[in-house]
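Protein chains in written order, with the working numbering: chain A, 1105 to 1242; chain B, 72 to 297.
Derived by calculation from the structure, the hints in this document are not laboratory data. Cβ atoms here follow ideal geometry from the backbone N, Cα and C, with glycine treated the same way. There's no promise every hint is true.
Claimed, not checked - According to the in silico footprint, chain A covers these stretches of chain B (three or more CB under 8 Å from chain A): (1) 126–140; (2) 153–159.
What the hints assert, rightly or not - Some chain B residues judged to face chain A by a derived CB distance under 8 Å, without partners named: (3) V99; (4) P144; (5) G148; (6) L185; (7) S186; (8) V193; (9) R211; (10) A218; (11) E219; (12) A270; (13) R277; (14) F279.
Claimed, not checked - Straight-line alpha carbon distances no greater than 20 Å define the calculated EDC-like cross-link-like pairs of lysine to aspartate or glutamate that follow: (15) B:K202 x A:E1220; (16) A:K1110 x A:E1187; (17) A:K1110 x A:D1186; (18) B:K202 x A:D1124.
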Amino acid sequence: MLRSLKLLLPALIPSWNFFDVIAPSPRIEYAVLAAPDADPDWREFRPRPDHVSIPAMLGRLAWNPRWNESLFLVSCAERLVDEPTAHSEDEIFARIAADFPEAAWLRFRLVFLSQESGALVSEVLFVSAPRRREDVAR
Amino acid sequence: MSLHLAARLTQVLLALALIQQSLEHLSVSPRNRPLFALRIALCAAVAAGVFAPWPLVGLALLSLVLLTRFQGPYNGGSDRMGLLALWCLTLSALVPSPRLKELFFGYLGLQLMLSYVVSGWVKIVNPDWRKGVALAQVFRFSAYPVAESLRGWAARPRLLLAMSWAVMAFELAFPLTLLWRPALIAGLVVAASFHLANACLFGLNRFFWTWLVAYPAILWLQARLV
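Chain B extracted, bound-state conformation (with noise of 0.2 Å):
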């Protein structure tokens, strides 16, 4: 995959991804309709490949007034991909050099791999995750189950110490599929299904799509690297 198809394959993903997020920002918040509307416009120009870099330039910069709008992002870690993505992506598509537009894009995959790698890391070594109690906590107590009915799940150690322990394997072991293609696009998928299965049990859609639009960068980076 080439960087100018990678980015280009990213690119209208994110544009997809905020035009959702953009659209439920609509329905819900009146006083910011013009911001997101404008989010909108940008976005699709982004998604039609219209006067590039422009239209990046411009949700870069409107992601700055949407920061201070909200005095910080909107939905914490999911919006922060979004974040990082657009600013890697316009940065790469505005300076001239092709190893600064290889490196900024480079990063984005970096910190994908990253995303889990380090949260595995800090769930390992606290002793509530390693006895499944702090997922336990997740469902007795946090504001993420979408439904009182899964909160019943506390009650289920067994399943919930067998979760901890495939998340975190699974987040460690992700730098090891950098090593082969195929074992990446597996890791991939794998790691889709656990965004998939947080988005219907916390609510976390945002999470799912944010993500999805980072994969094309770090398979690009494992070709460009292995």
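If we strip away everything but chain A, and leave its shape as in the complex, we get (with noise of 0.2 Å):
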């Protein structure tokens, strides 16, 4: 009771500093493996589309679970790099088994994105274990 109400508090009193400073930004890469010693190969989870039409955009002005979710991952990456915790990994390894249901092993590693001197770097700040895909809770 006493942590919800320590969630809670930030609401009631808001700072309201919205992208006051950008900061690196988290991409989520995954990897499906057939053994958990196999190498992995890292791609990008869930990438956006190339493009994106306006009757689209106003759509998902009602219906977009798949984006809010994914801005839900960005929030379990950041913290699992501020404050590592359990629960910030299972969530991302969730999505993750749930979009590939055939996978044996799953792996996923954080990449953050920023500005450096005008160039656009990338920097891996945590990598997973390897989780078998059965384990993962749904």
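Using the hints, put the two chains back together into the complex; each one sits in its own frame.
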């Protein structure tokens, strides 16, 4: 109960500091493995499409569950680097497992993008251990 | 607009916004379905105005369960505004004193105003925002643009500089709209357009609906104070 109230407090006394600084931005990359010790072939998880039409953008006002889930995973990724918890790792694994029902083993890593001296730079800040898909809680 | 009417309108808008969010959760999150099905039922009761104030109390308690479930708000700022509206409405409905009812509901209107002016302030004190660089970074590498084609906007510095200053000027000037009712209504239309643009470009549809929820509160607050 105390933990819930602690989580509620920033909503009741908000800071409203949206986009005050543009922090390094996480991308989740996943690997589907046949065995836990296999070499990972990293791929971006849920890459955004090249183009979204204006009618589709307007339609997403009413129905946007996948994107909102992806934004939740961005929060999990940031938490996993700032204050690592099993919860954030489990949440990310759960979404990857849902998208790859045939996978035997899964891994993911967090790549953070930022801009330094005008150039885009990326840094891997977290790499998960392999997890058997059937062990991932949905 | 009376306190009762403004609070009732806010309740209905909040119920509809939470139903929309809950339906999204039902489609992607099998293990959370019982929680969100319960939330839809409570929202329906709030919208219908039955068993008041207990469905609001139920939603407030359920919000604590969901905060624990996701270890925080599911979608950051938009969920925080939804939580703020929910708890202000619940406390306003529960307290017997008319003054306290006004205080809790007025707090929501005050926070809506602060959401714009504080956002404007934290931007304008940052040189990157004043130069348009921060917005270019949002388009270039942040997780928000909904399509790769939008990343090309990062290469349009004049447009982004104009957009940055338009946003900062509007956010900082928003409190002035409280001085005159037509100005406030115009300000809220501009603000809604801003949220609509964010929903389209960055997929932040929850912001659009949850900020609209708080509009009756600031309309009531302005009439109460000015």
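| Which earlier hints can't be squared with this structure? | Per hint list: zero violations.
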